[in-house]
Every structure is written in C-alpha cells, then in structure tokens.
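Each chain, written out:
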Amino acid sequence: MAYRWLAWWLMLLGSPAVFAGGFQVSLQGIKQTGMGHTGIANPLDATSIYFNPGGLSLTRKNNLSVNAYVLLPKLQFKEEGTGDIYDMDAGAAFPFAAYWSWNAKQNQPWKIGLGVYTPFGSSVDWGRTWAGKYVLTSTSLRTIHIQPTFSYNIKDRVGIGAGFIYGRGSVALARNLPVTLPSGLDGEARLSGKAGGYGFNAGVHVRISKKLDVGVSYKSAIKYKAKNGEARFTVPTALRDSFLNTAISTELNTPWILDMGITYRPESRLAINLDVNYVGWKVYDTVAIDFQENTSVLDDIYLPRNFKNAFTIRLGGSYDIDSTFTIRAGTYLDLNPVRDGFVSPETPDADRFAITLGATMRSSERFELDVSFTYLEGVGRAEKQAENYAKLGGTYRGRGITFGVALNFNFGKKNKPLLPETPESPSTPTTPAAP
Amino acid sequence: MKYWYAIALLVLAGCGKDLLDTDPINRGVLPLTPYVAIGGSETAGFADGALHFEAQQYSYPALIAQQLQLVGGNSFTQPLTADTGGFAFINGILLAKFDLGNKEDCLGETSVIPVRREVTNGTFASSFYASKGGPYGNMGIPFLKVADIDNVNLSASNRYYFRTGLDSISVAEAVLAQSPRLFTIWLGMEDLLAQAISQVPAPAAIQYYNYLLPLVDSLAQDTAAAGFVATLPDVTAFPFFNTIPYNALELDQPLADALNQAYVGQGISFQPGPNAFIIADANAPGGKRQIKATEKLLLTLPLDSVKCLFLGSLTPISAQYVLDEAELAEIRSQVLGYNVIIRELAEEKGLSVVDINALYAKLETGLQINGQEFNNELVSGGFFSLDGLNPSQRGAALIANEFIAVMNAEYRATIPTVSVVQLPGIRFP
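Chains A and B supply the protein sequences, listed in that same order.
Counting from 1, one number per residue, gives the positions in the first sequence under the numbering used here.
Counting from 1001, one number per residue, gives the positions in the second sequence under the numbering used here.
Bear in mind the hints are in silico, worked out from the structure with no lab data behind them.
Any given hint could be a false lead.
[As the list claims (entries may be wrong)] For lysine-lysine, the following DSSO-like pairs were computed, each having C-alpha atoms within a straight-line distance of at most 27 Å:
| id | chain 1 | residue 1 | chain 2 | residue 2 |
| --- | --- | --- | --- | --- |
| 1 | B | Lys1103 | B | Lys1362 |
| 2 | A | Lys211 | A | Lys308 |
| 3 | A | Lys105 | A | Lys194 |
| 4 | A | Lys391 | B | Lys1288 |
| 5 | B | Lys1362 | A | Lys384 |
| 6 | A | Lys282 | A | Lys391 |
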C-alpha cells in the first residue's frame, strides 16, 4: 500500500508549465515563496540548503523543514486565424521540498544538511483533439534533486557552503501523428526516458553589518543522458513496419542558475530581500531524440529550442509582529527564456508577474508552521504561424495560483540569536588608505 | 490540509475567467448572401474518385459558407448525395469512391493502395438524385468545362448535372437566377485535366476568355456584388502524374540480360536495378524508346501488367498513360495563359484574385500547418484525396482559407479561417 501511495505522489510532482520561466519550478521553500521566492542573502533555516548553502552555517538551530505546495494553473491557447480557443487540462500538481540541517554542538562554525527538492518540472496536457495535436498533446518533465551539503562560517560573518547534487530526471512526450486510424482517430507517438545526473550547489554569504547581508550562490547545469528510453507508436496496421516501437536515447540539460541577493534590515523586526536569478537556459538548445531503429519515415528527431539566458528579479520581505507571528509579502518579474519563433505548447512561455503572501506561526521554539500564497499572471504570448518552428500560430496565456504549507521542527537547545550581537563595524574607515 | 484545496478552488473560481479574449469577427463590407460558388469537380466536392457525401460536406465552398455563417451568412445548399460510397461515371462505368485498402497484386503481394468500394444498386439509387432542381449555392459541377457554362443541354452529357434536376437551363442561367451578391469562380481545371489525362485539347487562352466573359460580365452587373476568381495550378505536379516513377522498372541481372538481348541494336540498354520504362513513341526509331526522367506516367497505368506481363519492358506503355515533354510543355503554357486571362478578367470586371496557384506551388516544397506537412505525395502528402487529382478535406480547407484571406484583406472583414487539422484525414484500413 505504501508503495502505491508513493507512486501516486510521484505522478503528481510535475509542475504545470505556467509556473516558472522555462520549466524551472520556483517553489523551494514556503517562507521564501511568501517573500517573492527571495532569500539568497537571508538564511532562515534548513531551506538555505537550496537557496544558498553559504548561509546554512549561519542559521540558528538544527532544523527539519518539510514544504508542500498545491499548484492550480490555467493556460489557454487561441489559434491564429480561426480564433479557436483551447484550454489546457489543468490538473493540480504538488511539488515539494524537504530539508534537514544538523550540527553536533551549538557554537560550532559548521553545519551539515540534506535537501530533497524538485527544481525543474513541467506538466502539460492539451488533450488529443486540439489544434496543436501534431506538435504536442502532453508532456511531463520531472526532476528531483538530492543534495547533501556542508557549510562553514568564519566568525559568524562569512559563510561558505557547497552541496553535491544527485538528480533523477524523467521526461515523457506525446503527440498525434497525422495518419488516420480506421476509427477516424489520429495515430500517436509517445516517447519517454529516465536518467540520473550530477551537479553541485555552492554559495557564499557575507554579513556586512547588522543591517546588511549579501549572498551569492551557483547551481550547476546538469546533464541527463537517458539511454534506455522508449518510443511507442499507435499507427494503422499498414504502417507498423514504418513505426516500430523502439528504444531511444536522448539528453536533457537543465540550466545553471546564478543567484544573487541582498537583505537589508532597517530594524530588527523587518527584513527586505532583493534577489536576482540569472538562469543559463542557453544549455537548452535542442532536444535530440535518437531512435535505435530508424525506418524510411522515422528519422532521429531534432527539436529546436534555442532558449536564451534569462533574469528573474524578485523583491520581498518579512515583518515579525511578535515572537509568535511573522507576515511576509513579495513580488517578482520572471523574464522568459524562449525566443520568438520557438514558443511551443510544451513550454508556452511568457514574461510573468507574481505577487506573493506568507506567514509563519510559532507555537514554541521547536515548531513553526509556514503558509504561502502566490498569484501569477503571464502576459499573452503571440506566436506568428509563419515564423513558428512548427508552424503553429496563436496566442498563449497562463495564470495560476499556489498554496503552500511547511512544517518546521527545530532541534537542540536555544542557539545563537537570530542576528549576531557582535558590535557593528565602524561605518567609515578609521584611517584613510594612503594615496 | 483539505481546507486548503477547498479555498484554492474558490479563489481559482474567482480568477477563472477566460484569459484570452475571443477575436472580433466581422463581415466588414463584404456582402454575404446569396453566395454562389461556380467551378468543376474540386468545387463540387468530388474527391477520392467520386462525388461523395463527406467530400461534399467539406467542399471548399461549403467550408467558406460555414465560416461566413459566423459573421451572419445564410445556410448553404448543395446537391448532396446520401452518405454512402458516392458515385462516378468513368468511361460510362458506374464506380464508387476510393478507400485505402489492402489489395493483392499479380505476384501475390498485398499492399495498401486506393481501392474502389463496391457499388450496390440500392445505395446508388438512393444517393443519385439530388432534390428538386435547386437553387444550389454550390454550383460546382464535376467535370464542368468552360465551354459548357452556357450549354442548356448539359444534362444530356454530364450525369452529375443531370442529377441536380436543373433541366434545360445552363449552369450560367442557374447561377444568375440566384442573383448572387457573393460569388467565387474556379474554372478551367477540368479543361486542363482533360488535356493531361485524356489528351482532349483545352481551349486556347483567348477562347477561355470568351467562354468566361458572358457569365462574369452578367455577375458583375450587380455593382454591389463581391466576386472572387481563383488562379489555376500546374496540374502536372499533381500526384496522379507523379506517383509512379519513370524508372520503377526494377530488374535483376538475368532479366536485364534478357531485355538487352530483346532490344539488341535498338540503342536501348538495361542494367540491374531501376530502369526507365519503355514507352510507345511514333517519332522514335522502332516506335518505342525509354521514358525520360522529366516525363510522367499516369496513375491509371495498369501495374499488374507491368509486374507480370512485361508492360513497360517488352511491351511499350501506350501514349495514353504517358505525358511526354511536348505534352507537359503545352499544358504548362496553357496554365500560364489561363492565369493571365484570369487576372485580366478580374481587373476588367472588378473581381478579386485568389491565388490558388500559389497555394499549390507551396506543396512542391511542402507546406507546414500546425505540425502537419502538406505536399504533392499521394496519401502521405495530405493535400490530395485518393484520386491524386482533387483535394482531400484538409486540402479543401486550405483552399477555403485562401479565399477567406482575400475576403478579409479586400473587404475589411475578419472572418475566421478553418482549422485545417481538425478536418477528417485520410483513413487507413
């Protein structure tokens, strides 16, 4: 039974494409999500394992943070010329992120941690009868990262940290084939593959003053090589010899991400985060699918993607109303990596704007409950038929909301205070540098 | 946790309105009704070698009328057949439509090719007569040549016209009796095809002009009417003339040797592998020669005779199955000439030109629509029906969209086009 439940859970992990640039899933911690998904320079708890391993050693307590989301997307397509509007079948998705951090004694400068999270994913189901059925009917891309992490701080001021990432990825694509079965339905091709990959996540956190923190982290690109994928075809009997079910190999690159953040605390209860993510989508250039058995009609597939690197700009903050209650808010602008001419029903991407809200309730030193809410609005993205790589013209537009909840369990005795009580460094140098 | 989901659904219901506005649709200054389409087989919805219900239902005029209804047009009448295998009269023989089917050849090999459905008398009788003699918005008459537009006795020679019940009036009269405010004309295809398939000479360009002029002139009398006239494609590019390769004569070493002996001293030699067929040519030495790579074989070539009775090798293929270089050049120059006339007539009478020729020309390199490629191949090319001459339903949609694009451009209309890939495809067995 437990196994069945797990399988069901894994099936729902993919995040609908509407939620982030490309197929990135910007839902890695409920506290951060409440603040516009910022926190590169604001170490709060074990979630720093994802956001900035450098900040992990500056967090107070040993912590277990379990974050779960519900995503409710809506995506529409209006075909050029006909004006026909199609809705993507928008089922809910449930990405998650779990982190655990630990050190042996309170005042040791190091911390170890383990993160398990879903950094990239996309799940789209347009159905089998829509206008783009020969381009794509459904796709699902899932990745899960397992990241053991070590972080060390120098005098509570500079934290450095790095984690090794083992990723598992799976991808499935389906489209109709323009051959008509005796029933009048289209034929179908379904491709799928699974693979593992390796990478790292490293970061530096610098506590410049009591009021100002900066952080930088870098998550490497990861190459997934699926060697034993499979291609399955539903075609009329007469065409079976031309469409043999066969093994396929394919490769998928997930991009590197350079995260930079500043956190400013004008007073001890208020934190304001400004983050910039620069995502190296350029690695997602082509999807190449190599069929082990080619036939006269079945050549290897090269799908041009031609993504460009893209920025996301995020602003968010938190305010501690009292020691048991914190509220959060934020906003972000997610600039999409897809060039004109390459907008596909698989990643019908557009620049997106989001507002977020969040809160934390502390029942004790040992337990915190976080909640978050995101409202995300994409601009309409029109793609001209004449210029589209698959000659599928039309306008895509997406919108979505997410709800998130996290349970945080803190271990160990009362730790270092949230902010270091070391005296502030002088704001001006005492001796000017010799000319 | 369940509450979250409930709240989520509530919020989503609040923001769950449509994201995309529907496109504004408007007829602009285009008069919509009555709409009459004038043409030949393609216009009538003759496809898969027969006039049949499904092709009529999705004939390009029916698709245009369907889109016009979205902006206020009236319903459209066609002389529909019953939903059976349809019918055709080829050389006086009654036939039903082609389906893709399994057929065993003389060597016992089965392959999937267009096969005629069985004709049963009962289904034929029920589908032959169209009701009441019109009026029909679709005045496409299969095999209608330009010379017959004014023929009041057309019923006697054209059984498709006979079945419409339009007795002793000409096509032109039946059209004009409806006082069309919107009309589309695509005429000349049947003349070009008759020349290419049956060596019946098509009228010269100037005659073509003279045949068309009276009808166009009368239609254009109504200055408030909108007229559209389509250009003609190079019919020699159709799959009917391009499916059997000139060099499909596959020989092994002993056969090649045997043929070389048979043709010794005639300047013809054979190699193992693909060879050019032998065709009859009165001007060639001995009355036969090898077909050139630029020449074409018709789809009606009896392939069983090729495979089992040495047609195209020992016996030359007779001229009725061949388009030689001279014939091809003549047909192509006819197409050019007709198209000049079409543009001239349009200019003279204030009609809009719909460049269907340009659409067909795109098929030569392949035309991608929503991930499907349309080209000149039979079956896999998607554009042509199983007869290799007339458009499939998706082909008809592409043609309808060309008309609609011109209507939109010239009459400030925003009529939605037809979603091509949503029409029925060519069914496999």
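Check each numbered hint from earlier against the structure, then list the numbers of those it violates in ascending order.
1, 2, 3, 4
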